Amino acid sequence: MRLHKTAEIINMVIMVIFAIFFLTPLYVMVVNSFKPLSEIRGGNMLALPVDFVLAPWRSAWSTAQIGVQATGLRPYFLNSIKMVIPAVFLSTLMGSLSGFVLSKGQFKGDKLLFGLILFGCFIPFQIVLIPTARVLGSLNLAGTTSGLVLVHTVYGLGFTTLFFKNTYDSFPSELVQSAQVDGAHFFRIFRDIILPNSTPIIVVSVIWQTTNIWNDFLFGVSFGDASSQPMTVALNNLVSSSTGVKEYNVHFAGALMAAMPTLVIYLVSGRYFVRGLMSGSVKG
Amino acid sequence: MVLNNKWRISRDDLTARFVLMPTIILTFVFVYAFIIYTVYISFTDSSLMPSFGWVGMKNYVKMFKLANWHTALKNFAIFSVLYISFATFLGLILAILVDWSKAGERFFRPIYLYPMAISFIVTGTAWKWFLDPGIGLEQIMHTWGFVNFKFDWIKNSDKAIYTVIIAAIWQVTGYVMTIFLAGLRAVNHATIESAVVDGAGTWKLYTRIIIPQLGPSFTSVFVILGHMAIKSYDLVIALTNGGPGRATEMPSTFMYSYTFTRNEMGIGASSAVFMLLLFAIIIIPYINKIVKDS
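Listed in order, the protein sequences are those of chains E and L.
If you're matching positions, the first sequence starts at 1 in the numbering used here and goes up one per residue.
If you're matching positions, the second sequence starts at 1001 in the numbering used here and goes up one per residue.
Okay, chain E solo, but in the shape it has when bound:
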């Protein structure tokens, strides 16, 4: 629709007001992460730093007290990376295989099966916390990165299967059929025909899973311990620790560190992020 000049200006003004609302928290985090504490306490959170300092970032990264130790967020940042990479890889690989198989429609009850798999990715995870804790404990995976990788892989399968099944449903079938006529087997077809044509949906799956797993808190706080807790849990420990002076500037720097990886992904490949969001997917 085309608008009149005045309507267009009013429209623009309202959009700018909303943009300010959405950008303010990010702006607040950025400017205050470069201020000395005294400047935040006495001053205006919206003001630019008068005395521009990097100390809060240094402290958040390597010396701030997280839990009992003054390690900064660095080890937890690494924990998150160690957790995210294998979990994203495994859930994407398994999702592409299951999506491929389910897309063929050869099974009795394949729709029911698909529905049951989907249901699993939407459930409130509170319903599985108790048995998951038990099972991780008996597998000797409680408090380990491997345990978190397992949990994230399993509860990511619903989304990844959904992504790949939907994509493969609309793939042209001639290529696969001619490969079959030539006698190619399942894995051959998957590797040589399906995977090379799956790049866009693999990107969606990787971005979606990375964002979700990086941002997870519930599993991290329930099943991680000091050696495996991810960044989100460490950030919350840093911010909510009740001892000592509240170092807002360090908290903001830490929050930005926790937000950085997914923000960068969003800025670089927002289109794929949106496709993930729109595939009937829900964050949580």
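Calculated from the structure, these hints are not laboratory results.
None of the hints are false.
Below 35 Å or equal to it, Euclidean Cα-Cα: the simulated DSBU-like pairs (lysine-lysine) are: (1) L:Lys1065 <-> L:Lys1159; (2) L:Lys1289 <-> E:Lys104; (3) E:Lys246 <-> L:Lys1150; (4) L:Lys1204 <-> E:Lys5; (5) E:Lys246 <-> L:Lys1155; (6) E:Lys104 <-> L:Lys1292.
Listing some non-contacts, in silico: residues in chain E with all C-beta distances to chain L over 12 Å: (7) Trp57; (8) Lys82; (9) Ile202.
These numbers come from a predicted model, not from an experiment.
Even glycine gets a Cβ: it sits at the ideal position worked out from N, Cα and C.
Using the hints, position chain L against chain E.
Chain L in isolation, oriented as in the chain E frame:
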């Protein structure tokens, strides 16, 4: 040979079934067996650890007598009603505004949507300090000369839940907008043009022609927000940690604290089952639809 959209590898291809097995087994164990396990635990005398002494409905009866559970339910009701209605309303408005403007999609949409890319823990941290009367908004207004300005909701037991709602709306509105934007793009152009020819003004055009065609978008938005409301845990923990006192307790925080810190696992499990039931009401028809459409 009949070509159709389904790939026919071969009916007896065992490899395909074999490949699907890990996903099936993991789903059945980690989702369905675990759900049954938690339901069972909710009928037992489990406390610090799971135990299997059957106590019938006792945990549920006890739970519904707890003041904390009442607070959790009341907060959940306030939270879900306001969160869903405001986010839907604002998301729809934004979608229409963005749809109108050339710069909308390229410039404003990414700005409105970025909160969805970051963790609730980060969101909670940002809003916790921004809403803190000592250093945040209240202080800002004071330095601007509005010395009587007061905004201490986050420290006020009666109002704290509204700060959780504000932060949650901030996080999700861009997502809602994106869903409506897709819906607006799919609206039938012929009906719009004929309405314009008939002299319908903008208001009429939207209320009579366009918005009624957004039914499926409204459904998606409702399901997504409803299910996020039930699950919301991280944001509450980061923003208020359930406080002040237990004022921002939600079913999700109740579940966690009764199960893992108060050693009343039976009651924790009961609350988890309650959450699952709420969730099932919303999500099962929706999943049915996704599966049918696929």
